[in-house]
Amino acid sequence: MPRSADEFANRLWAIVDAKTFVRHPFWGRVASGAVTREQLAQWAAQYYLRAREFSRWLSAIHSRCPDQAVRNFIAINLYEEHGDLKPERDHPAVYRKFTRALGVSDAELEATLPLPETQAFVDRMFQICQQEPFVVGLAAIGVGIEGNARPRPERHGQGLGFIGLFKRLYQLDDDAVEFWTMHTVVDCDHSERCMNIITQHATSDDLQTRCETAVRQTLQAWRLFFDGCNRAYLS
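Sequential numbering of the sequence shown, starting at 821, is according to our numbering.
Because the hints were derived from the structure by calculation, they are not lab data.
Quick caveat: nothing in here was measured; it's all calculated off a predicted structure.
There may be inaccurate statements among the hints.
Beta-carbon label-pair distances, calculated as ranges [said to hold, decoys possible]:
1) 837 to 920: 40 to 46 Å
2) 876 to 852: 16 to 22 Å
3) 854 to 826: 39 to 45 Å
4) 1025 to 909: 39 to 45 Å
5) 1055 to 899: 28 to 34 Å
6) 927 to 1009: 17 to 23 Å
7) 831 to 923: 38 to 44 Å
8) 827 to 923: 25 to 31 Å
9) 899 to 838: 41 to 47 Å
10) 926 to 826: 43 to 49 Å
11) 848 to 824: 36 to 42 Å
12) 988 to 1023: 16 to 22 Å
13) 888 to 824: 21 to 27 Å
For each residue, glycine too, the CB sits at the ideal point set by N, CA and C.
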């Protein structure tokens, strides 16, 4: 028997809260000062290879969505991801301010080869968003990715608490970390709105199970991504 909307939402949020990437040991090493600027830059370059594909994942979900209202929501999200069609405000462009501040040129960034775990993350998201029902794709993106920005009491401050670590330990200014501060607000809003859509459309046992699996797979992909960066750059 499928869960009620509230029960299903609470279950998905509980999975994210238990498995969120903000609790990965990587962040403990950053907070302790054990991660050099060069190592953080290497991690940031890998993160970029994942982040730059986000709009393509959204586009895949949009193409599979038969509901006009949901397509409109996704289209607005895409418009925001592309910086309201201003090239310098496109989210990957905003992210590149972060990597440049860490000493990585745009040319070096684009030439970065993905670690196996980074490529696995990208491939998994394309597989879910291109092959699963739209609501399952939204579960992966809106909950498994954007849901990590939801405030949690153990963080260093509000939202994505590692922003404070970037500024304090690596002397990055507000402009350099704009991508992260922007996503603290935007991702929280998107994840809540995605959850409302998910609970409205995933009303069968099958769809609820597939949504839960997609969230778990996304969170596992996050963990493996950070594990890969630890292995490659911090071991």
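Quick rundown of the hints versus the structure:
1. 837 to 920: 40 to 46 Å: violated, 33 Å
2. 876 to 852: 16 to 22 Å: violated, 36 Å
3. 854 to 826: 39 to 45 Å: holds, 42 Å
4. 1025 to 909: 39 to 45 Å: Given about 42 Å between the Cβ atoms, the range holds.
5. 1055 to 899: 28 to 34 Å: violated, 41 Å
6. 927 to 1009: 17 to 23 Å: violated, 34 Å
7. 831 to 923: 38 to 44 Å: For residue 831 and residue 923 the Cβ distance comes to about 43 Å; the hint holds.
8. 827 to 923: 25 to 31 Å: violated, 48 Å
9. 899 to 838: 41 to 47 Å: violated, 33 Å
10. 926 to 826: 43 to 49 Å: Given about 46 Å between the Cβ atoms, the range holds.
11. 848 to 824: 36 to 42 Å: Since the Cβ atoms of residue 848 and residue 824 sit about 37 Å apart, the hinted range of 36 to 42 Å holds.
12. 988 to 1023: 16 to 22 Å: violated, 46 Å
13. 888 to 824: 21 to 27 Å: Hint holds: Cβ distance 26 Å, inside 21 to 27 Å.
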